[in-house]
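Residue numbers (full-length UniProt numbering), protein chains in the order written: chain G, 1 to 349; chain Z, 1 to 251.
Derived from the structure by calculation, the hints contain no laboratory data. Don't be surprised by glycine CBs; every beta carbon is placed ideally from N, CA and C. Heads up, some of the hints might be wrong.
As the list claims (entries may be wrong) - Far from chain G by the CB rule (all over 10 Å, computed), these chain Z residues:
| hint | residue |
| --- | --- |
| 1 | Leu13 |
| 2 | Ser18 |
| 3 | Thr31 |
| 4 | Thr67 |
| 5 | Glu73 |
| 6 | Leu93 |
| 7 | Gly157 |
| 8 | Arg160 |
| 9 | Ala167 |
| 10 | Glu193 |
| 11 | Gly194 |
| 12 | Glu202 |
| 13 | Arg210 |
| 14 | Asp247 |
To be verified - Below 27 Å or equal to it, Euclidean Cα-Cα: the simulated DSS-like pairs (lysine-lysine) are:
| hint | chain 1 | residue 1 | chain 2 | residue 2 |
| --- | --- | --- | --- | --- |
| 15 | G | Lys313 | G | Lys332 |
| 16 | G | Lys252 | G | Lys194 |
| 17 | Z | Lys172 | G | Lys307 |
| 18 | G | Lys252 | G | Lys151 |
| 19 | G | Lys313 | Z | Lys172 |
| 20 | G | Lys151 | Z | Lys172 |
| 21 | G | Lys151 | G | Lys194 |
| 22 | G | Lys331 | G | Lys313 |
| 23 | G | Lys307 | G | Lys332 |
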Amino acid sequence: MATPKSLTLSSTTFAKLSPHPYLLANLQPADPSTTPTRTNGRQPAQTRTPYINTSSLSHAHGSAVVRNGDTTVICGVRGETILTSAIPNYRAPSPADHSSSSLDEARDYDLLVPNIELATGCAPNFLPGVPPTTLAQTLSTRVYSLLHSSKLVDVSRLRIYPEQVGGEKNKEDDDEKMDEAEEEIDEYAVSEDKAVKAYWVLYIDVLFISFDGNPFDTAWTAILAALRDTKLPLAYWDADREMVLCKRSQEKAIPLNLQGLPVACTASVFTAKEKQKKGSGSYWVLVDPDRLEEGLCDETVTVVVDKLRGSTKILGISKHGGTVVGPEFMKKMVATAESRWDEIHAAIE
Amino acid sequence: MTTTTTSGPEAILSHLHSADGSATFSYAGYTIVGAVNGPIEAQRRDEIPEEAVVDVVVRPAAGVGGTRERHLEGLLQSTLRQIILVTNFPRALIQITLQVTVAPENEYVNTKVVQANTNLPILPALIQTAVLTLMSAAIPLTATLTSVVIAATTEDGSNREIVNPTAREIEKSRSLHVFAFTSHGDLILTQSEGEFTMQEWEDILACAQRQCCPSTSGDINMGDDAASGADLGTFTRSVMEAKIASDLYWK
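This is chain Z alone, in the form it adopts within the complex (with noise of 0.2 Å):
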């Protein structure tokens, strides 16, 4: 198992003032701003009696969004009004935004703005920072929400998994596969293409069980696996830990 990552994932809080909340996450390539505002009073038409809605907007780093950005808000509005407490706020709205700024390009060919190829690579960076940004806004959830991007690839015969593979690793890549686990160690979402067995996507699933949710016992787990990524479920903490001490720091 090998991470084509350098650097580790940085988050900015609150930095956008008109919103509830707001964040920018960078990480694997990507930096995403995303803002929050929320609950506020949603049109008659779209309003649920017993709940709130969840509106979810992805705008890519060029060009105005397509079918393959409806396609991730579909998918990040379901996993997201799963963990919000949506019937805390009957009748509301609760509107998430979320510009992609940088996209890591595929050196090799020329990318394309219409109909990029393949939508799953961006969609843990747009988790990550959607669940910043709802804690930002201190919107009450039930768990937080941690995620990967895994590539397989067969090499000189043996399977190897990639942890956030680069545009050209996911293009010779045999399948590609995203998971989000909740904070409870839940898988609430994933999302696979291309060719494997269900002994390939078990496997998998186990390393990205690593990635996400590595036991708290501590030492055992030091090893290589912990080297191999960051541990975005830490990260999540630590960075609501600073600014929650950075806010408290008058007092």
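Excised from the complex, chain G in its bound form (with noise of 0.2 Å):
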């Protein structure tokens, strides 16, 4: 028979059962010399060192695994084509839209189309056999957004165009028939000699294998890291048989060619009470929160930015729940934002 030997609470026991007063315990200690750390043993403003693994997925034209603290997420990209004449309100590009914004390919024909699962069992709140959390149709949702926003796939990379008169003779046999849709062609898609004929769809799929916080910033990286991998067949329009072939060989698969490296990185704020009304008490910034943490912060702020190009580009801004974080707080995040890029771009790298 277990008896309590005095009224002290192991540590685990205090987390379980008051978390907000344990993770304030940790960050303000009673005793002066001990230095402030959260709960995981970062000081506040440390993230998670991210690792980087692609082209682990051998069927998918490209993916990534990236392991962040506990938080552990696979990107699989795996292009399908799509006939134009397959496109309901199908309307050809002019030269004079490949410049102008005022035809965005991607958006209108949805040729990028994520979709973010969080496996049963990533973490104790996800339940077998229930339709996708608020949580994922959310994230897949901010990803969609941002992928469109950032304008981070070359749509020109997507288009397939008919193969070049004169090309080799000896196709018959390295190719590979990748579209069985025999529909005729239009009369208008036969005036133009390099009319584009059929596009790729990116289908981009991220699972959380194991979640433990963050799963905004470690599946942005994942989907990145996952498009700087994929490289697909060279793809063509058989006038003939009317199909979309592609080239056997590897050597002829192209990659494609990203615009940037946008980072996200996402920081919640901590108030010393738990029902904080503006102004009464301290705060701690904790960025790359874990499970723990967000659980125990009110407002989260996600700050995406480039930096590829030399001087720092925002893609996004993204605060809510709370009034903590005002305008100088924001130049600081987009600093620590900074820090964060340099960190994922020599990780994916």
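Both chains are sitting in their own frames, so use the hints and assemble them into the complex.
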């Protein structure tokens, strides 16, 4: 029979019973000689080191596994072709459209299809056999928005044209049938020689293997690494057979030409009082929060930066759930995101 | 700084009789009907012992809600929870339903129902409707909210900010920003997408602050800024005043 020897609790029991005071006690130690740390042993502004492994899936055109602490994500990119005659309301891009932003093919024809799945058992709160959780749906939308607003994927690499006249004669041998669609070509499509006949559609699937906070940053890093790894086979439109064919040889596969390297950085704001009203009490900014910290923080900030071309560009800011973060704070957050960019850049290269 | 909205904001309060509170708000091409039920009993598995659960449901103008609506609901839920005095109603539920009835369409391209281009432009209208609806239901709040959407474009090498941009202007803009401020002047929500620098963001924030929290000292700010968009804070106040005056008319 277990009889308690004293009224002191072990730290794990304390953490389970009252997580908020537990994290507060760690950040605000009673003994001034101990440095304040988070419950996971990190400093408030310290991130977890990301580990990135690419080309781990053999059947995807590009893939990446990203591990950020105990959050592990796998991302696979698979390309499929769609004929322009199969796209409803298709509008052939005129040469003027290629440069201007009036036509966004990737968005109009849904050429990028991201999906995020939180696997059963990756964290205790994800149960089997339920429809996608609110978190999974929110993440999908945010990733979709960022993919399009950052214009990361160069659409010109997704267009498929008719084969150049005078190409190889022995194409019968090394061709691979990719598309069974045998639609009649419409009259308008025949008119121009260099007209786009088909597009690649990129299916970007992200699966969380284990989940320990900061899902958006990790999922985005995985997508970025997988897209950098993606090589699409050389595809062309065969006018005789009226279908899209691909070259079999791997040497002719072309990588996607990614525009920049946007990196997301998330921080949560932890307040000393559980129900903080403006101006009362101190707060801590916890960069790259884990699952315990995310559950205790109301306010979250995400900044997406890209400094591949020297100066820092901001590609997205998202802040909600509180009033602690003001304009001055946002400046510091961008600086934090810049150092996070260096970290991810080093891991991805 | 220019704005594209010609007509001012309009609102009808407490027009749905079965809901505890309701409002219809229309501004900048959007019309949204909102209803609040609460505080009501929360489901056992959802209830929080020490505070009220805030539940937001967003329904689009066409089709059923998808991932985009879940994202908007998440943003609204975390924002409204901050202004509702949730600790006054432990173990209760406050449910806010927002039905979009009219949304502006882009006349240049075919609009897609399934996954719309961007989530941001509708956010200010949703926030404004939610606040009016909560006040109609007499839910105690710490503050009201005002919100604005701003598109930043580059024309002839100079940056320009468009308050309440049209769908076409959003498409041509470089970046799109949504800000929400409490009536105390604190920044409670910001969402930005596109490409911009920190300096540009600060300029746009200042523009949003002029829109949402105009200084009450009167005469000075009656220049071009005041004419550029509706003052939604004053609008909310005058709508409530008119409603209270008509409710007390029988006395």
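Open item on the list: Just to be careful, I want the Cα atoms of Lys331(G) and Lys313(G) compared with a cutoff of 27 Å; is the pair within it?
Closed with: Holds, at about 13 Å.
Task: 10 Å cut-off, C-beta based - Glu193(Z) kept clear of every residue in chain G - done: At about 4 Å from chain G, Glu193(Z) fails to clear the 10 Å cut-off, so the statement is violated.
Task: Given as non-interface: Gly157(Z), partner chain G, CB spacing beyond 10 Å - done: Correct as stated: the minimum Cβ-Cβ distance to chain G is 17 Å, above 10 Å.
Task: Whether Arg210(Z) stays farther than 10 Å from all C-beta atoms of chain G, as the label says - done: Check passes; 14 Å lies beyond 10 Å.
TODO: Given the hint that Lys151(G) pairs with Lys194(G), test it: the Cα-Cα distance must not exceed 27 Å.
DONE: Holds, at about 24 Å.
- [ ] For the pair we were handed, Lys252(G) and Lys151(G), check the Cα-Cα distance against 27 Å.
- [x] Holds. Lys252(G) to Lys151(G) sits at ~25 Å (cutoff 27 Å).
Task: chain G versus Glu202(Z) - minimum CB to CB distance exceeding 10 Å, so not interface - done: 6 Å, violated
TODO: Starting from Lys313(G), check that the Cα of Lys332(G) is at most 27 Å away, please.
DONE: 15 Å, holds
Task: Beyond 10 Å from each Cβ of chain G, as asserted for Arg160(Z) - done: Non-interface label stands for Arg160(Z): nearest chain G Cβ at 16 Å, farther than 10 Å.
TODO: Measuring Cβ to Cβ, find out whether Glu73(Z) lies farther than 10 Å from everything in chain G.
DONE: 8 Å, violated
Task: Interface-negative label, Leu13(Z) against chain G, beta-carbon threshold 10 Å - done: Per Cβ check, Leu13(Z) is outside 10 Å of chain G; nearest 26 Å; holds.
- [ ] Mind checking the alpha carbons of Lys151(G) and Lys172(Z) for me, to see if they're no more than 27 Å apart?
- [x] Given that 27 Å is the threshold and the Cα spacing comes to 14 Å, the pair holds.
The structure is inconsistent with the numbered hints 4, 5, 10, 11 and 12, although it conforms to all the rest.
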